[in-house]
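Full structure from sequences and hints, please.
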Amino acid sequence: MTAFDANWSLMTPEIVLAALALLVFTIDFMTGIHGKKPFIGRLSVLSLLVTAVLVVVTNSTSGSIAEVFVVDPFAMVFKLIILIGVAMVILISMNFLDRERNAEVYQGEYYSIMLFAALGAMIMVSSADLITLFIGLEILSISSYVLAGFKKYSRPSTEAAIKYVVLGGTASAFILYGMSFLYGLTGSTSLLEIGQAIPMLFEEYTFVVMMSFLFMLAGFGFKISIVPFHMWAPDVYEGAPTPVTAFLSVVSKLAGFGIILRVFFLGFGGVYQEWAFIIAVIAAITMIAGNFIALTQTNVKRLMAYSGIAQAGYLLVPVATVVGDVGINMIVFYSVAYLMMTLGAFAVITLVTEDTGTSDLSSFAGLYQRAPYLAIAMTVFLVSLAGLPLTAGFIGKAYIFFGAVAGEMLWLAIIMIVTSVISFFYYFGFIKQMFMTDPRPNDKELAVPGSMQTVVTVSLAVTVILGILPGLVLDIFNTFNWMAFF
Amino acid sequence: MVPVTFFLALAAILFCIGLYGVLTRRHLVIVLVCIELMLNSVNINLVAFSAIGPFANITGQVFTLFVITVAAAEAAVGLAILIALYRNRNSIDVIKHDLLRW
Amino acid sequence: MGLGAYYDNYILVLIFMLLGVALPVVSLTFGRFVRPKNPYAEKITTYESGIQPEGDAQVRYHVAYYIVALEFIIFDVETVFLIPWAVTLDQLGWVGLNLMLIFIAILALGLAYSWKKKVLEWN
Numbered sequence: 001m002t003a004f005d006a007n008w009s010l011m012t013p014e015i016v017l018a019a020l021a022l023l024v025f026t027i028d029f030m031t032g033i034h035g036k037k038p039f040i041g042r043l044s045v046l047s048l049l050v051t052a053v054l055v056v057v058t059n060s061t062s063g064s065i066a067e068v069f070v071v072d073p074f075a076m077v078f079k080l081i082i083l084i085g086v087a088m089v090i091l092i093s094m095n096f097l098d099r100e101r102n103a104e105v106y107q108g109e110y111y112s113i114m115l116f117a118a119l120g121a122m123i124m125v126s127s128a129d130l131i132t133l134f135i136g137l138e139i140l141s142i143s144s145y146v147l148a149g150f151k152k153y154s155r156p157s158t159e160a161a162i163k164y165v166v167l168g169g170t171a172s173a174f175i176l177y178g179m180s181f182l183y184g185l186t187g188s189t190s191l192l193e194i195g196q197a198i199p200m201l202f203e204e205y206t207f208v209v210m211m212s213f214l215f216m217l218a219g220f221g222f223k224i225s226i227v228p229f230h231m232w233a234p235d236v237y238e239g240a241p242t243p244v245t246a247f248l249s250v251v252s253k254l255a256g257f258g259i260i261l262r263v264f265f266l267g268f269g270g271v272y273q274e275w276a277f278i279i280a281v282i283a284a285i286t287m288i289a290g291n292f293i294a295l296t297q298t299n300v301k302r303l304m305a306y307s308g309i310a311q312a313g314y315l316l317v318p319v320a321t322v323v324g325d326v327g328i329n330m331i332v333f334y335s336v337a338y339l340m341m342t343l344g345a346f347a348v349i350t351l352v353t354e355d356t357g358t359s360d361l362s363s364f365a366g367l368y369q370r371a372p373y374l375a376i377a378m379t380v381f382l383v384s385l386a387g388l389p390l391t392a393g394f395i396g397k398a399y400i401f402f403g404a405v406a407g408e409m410l411w412l413a414i415i416m417i418v419t420s421v422i423s424f425f426y427y428f429g430f431i432k433q434m435f436m437t438d439p440r441p442n443d444k445e446l447a448v449p450g451s452m453q454t455v456v457t458v459s460l461a462v463t464v465i466l467g468i469l470p471g472l473v474l475d476i477f478n479t480f481n482w483m484a485f486f
Numbered sequence: 001m002v003p004v005t006f007f008l009a010l011a012a013i014l015f016c017i018g019l020y021g022v023l024t025r026r027h028l029v030i031v032l033v034c035i036e037l038m039l040n041s042v043n044i045n046l047v048a049f050s051a052i053g054p055f056a057n058i059t060g061q062v063f064t065l066f067v068i069t070v071a072a073a074e075a076a077v078g079l080a081i082l083i084a085l086y087r088n089r090n091s092i093d094v095i096k097h098d099l100l101r102w
Numbered sequence: 001m002g003l004g005a006y007y008d009n010y011i012l013v014l015i016f017m018l019l020g021v022a023l024p025v026v027s028l029t030f031g032r033f034v035r036p037k038n039p040y041a042e043k044i045t046t047y048e049s050g051i052q053p054e055g056d057a058q059v060r061y062h063v064a065y066y067i068v069a070l071e072f073i074i075f076d077v078e079t080v081f082l083i084p085w086a087v088t089l090d091q092l093g094w095v096g097l098n099l100m101l102i103f104i105a106i107l108a109l110g111l112a113y114s115w116k117k118k119v120l121e122w123n
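Protein chains in written order, with this note's numbering: chain F, 1 to 486; chain L, 1 to 102; chain S, 1 to 123.
It is worth saying that the hints were derived from the structure and are not from the lab.
The structure displayed is predicted, hence computed values, not measured ones.
Treat the hints loosely; a few may be bogus.
What the hints assert, rightly or not - Below are the DSS-like pairs computed for lysine-lysine, each with C-alpha atoms no more than 25 Å apart in a straight line:
# : chain 1 : residue 1 : chain 2 : residue 2
1 : F       : 444       : F       : 432
2 : F       : 36        : F       : 152
3 : F       : 36        : S       : 37
4 : F       : 152       : S       : 37
5 : F       : 36        : S       : 117
6 : F       : 152       : S       : 117
7 : S       : 43        : F       : 152
8 : F       : 36        : S       : 116
Said to hold, decoys possible - If you want the footprint, here are the derived chain S segments under chain L, 3+ residues with CB under 8 Å:
#  : region
9  : 10-16
10 : 72-86
To be verified - Using C-beta positions, here's what the derived DEER-type ranges look like:
#  : chain 1 : residue 1 : chain 2 : residue 2 : range
11 : S       : 109       : F       : 101       : 25 to 33 Å
12 : F       : 211       : S       : 89        : 38 to 46 Å
13 : F       : 66        : L       : 30        : 37 to 45 Å
14 : F       : 278       : S       : 32        : 48 to 56 Å
15 : S       : 106       : L       : 52        : 33 to 41 Å
16 : S       : 16        : F       : 19        : 34 to 42 Å
17 : L       : 58        : S       : 106       : 20 to 28 Å
Note that beta-carbon positions come from the ideal geometry of N, C-alpha and C, so glycine has one too.
Here is the structure:
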């Protein structure tokens with residue numbers, strides 16, 4: 001079957017999103033460059049929701065276009081995570097862009113680039129071919145570079161962007177260098193063919209295969225910010241506009257995880273035993289370093305960066321311990337939980353830091369007196385991030401923990417528990433500020449705009465419901481044959 | 001015929017030069033050039049495998065075309081951000097960009 | 001040919017590298033001892049096609065030049081896809097033609113955007 005007579009309807013959501021993104025882009029530059037454009041924001045959210053519906057409708061049966069673009073439950077769930085994540089980020093951004101302080105941001109461009117980033121991430125999680133995968137990854141990365149520098153008259157923002165471009169470009173080069181050897185050894189860029197050839201190749205060219213694996217691990221590890229490839233994250237997170245920080249720490253990271261699973265399980269699945277331990281060690285270092293460095297942070301965005309690094313460590317644990325569908329179950333469940341609790345937290349952070357004009361931890365002082373609902377919601381998100389019972393974060397972590405124990409990696413499970421306990425300290429630093437400190441003298445009651453209210457309420461609801469009734473989604477996940485082409 | 005290893009070695013050397021440049025050079029334009037160097041070393045790899053590799057076929061050259069275009073897009077975005085940075089700070093020396101620090 | 005002799009081949013690479021380094025070093029060092037040395041002011045000035053050199057070699061380019069260059073790079077490199085497409089158009093047929101038209105339409109949208117943003121004006 002050639003690419004021309006393939007079933008192109010599988011790609012409907014991507015094509016529709018691309019068309020809508022181009023439409024948003026065109027409407028923007030035809031209506032003048034400057035000024036506030038809340039309607040474009042609403043149109044973008046609508047586009048994402050339409051695409052999400054299309055994903056559910058067209059991707060529910062598995063299939064592939066010439067085994068290059070595959071549609072399976074794994075792709076579907078990750079696409080939904082990405083689309084909902086980006087829609088919530090845009091809702092947060094709409095409020096962010098309305099503020100006087102951010103008047104210089106070109107609004108329409110911001111939304112269309114956000115949509116293109118979502119498109120790149122969707123292509124990425126759906127590809128089973130190194131070329132498509134790389135294109136998707138770069139659409140996402142290049143859009144993220146632009147987004148990080150979107151406040152172009154602000155020094156921290158442009159500085160964050162240039163750091164991100166330089167390090168991100170290097171990471172891309174690493175990924176490509178690894179890929180080029182895979183292509184050379186197998187003569188194919190298809191992950192399926194590579195996956196079939198790998199066990200035999202590993203016997204013959206152990207060094208080259210491992211080198212290729214490590215190069216790709218370094219590159220992808222950069223994208224999901226795991227130690228020791230995390231150094232960019234705090235700097236970029238701090239400098240970038242806050243909604244973009246939310247985007248980077250949620251959408252970018254989870255899409256990166258999607259691709260890591262796809263490449264490592266599909267491409268290198270045959271030699272799982274050889275690399276599982278490397279991942280386990282990196283997961284351990286990531287959890288330890290992320291949580292310990294977070295303890296010393298006083299800037300909210302940097303703290304969230306290190307917290308995000310630590311969370312990436314938790315997400316890596318199942319990659320190292322459980323192969324196959326159960327492992328993907330854990331990762332996807334924790335991804336959903338992570339999406340909701342982190343975006344909820346970032347919605348509150350955006351509101352508070354933009355209102356007080358500083359991203360210092362003290363900007364949260366007395367939040368309970370200023371906006372009780374926000375303070376309580378934030379507490380739930382933090383408790384969930386820390387992994388205490390009755391929240392989605394707890395269920396996700398417990399699930400991963402039992403997986404690690406069952407996978408006979410007890411040491412990893414213990415590190416996970418110990419570092420989670422350490423994480424309580426910095427998350428409770430927030431809670432202490434919100435409840436036990438008086439508001440700063442000129443901070444008044446905090447008004448919560450409608451879009452923010454929506455994001456916070458949705459995240460709160462999902463975090464709590466998944467914490468109490470995890471079966472709601474886990475039962476669905478258990479029926480999935482995640483990667484139809486395993 | 002020249003064996004494929006020669007090209008791989010050339011690519012490896014270029015990749016290392018590029019990486020060294022990214023890590024040590026202070027001028028941001030040079031840093032971006034070094035990233036291009038790394039990406040182009042990958043192109044040499046791909047084209048060499050595509051022409052005289054153990055499984056020579058056209059896919060590698062297709063991959064190269066995509067890498068070239070993506071590299072151009074990345075360079076364009078990088079330079080654009082560089083211009084924005086220059087307008088903000090009047091310098092593109094890496095050392096001076098220390099606003100964000102651990 | 002296979003990758004069987006993969007590691008052995010590196011010895012040849014090593015020899016080439018050594019030769020490559022040795023050649024300029026040896027010839028330049030040798031030349032240094034043999035050549036006469038008589039520098040004077042006119043001789044050590046930069047040679048610029050026989051014309052008197054003027055100003056500094058490191059001129060600063062106008063920032064507008066960079067932006068036009070960016071535009072150029074993008075549109076220039078995207079044409080990389082046109083050549084393989086044009087060569088095989090007879091096999092691709094109407095589908096191929098339509099796909100390329102979509103691609104060019106997206107590029108045209110980008111051009112319209114930069115036109116609207118006054119990137120194409122020089123100031």
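* To do: If any of the earlier hints don't hold here, list their numbers in rising order.
  => 3, 4, 7 and 16
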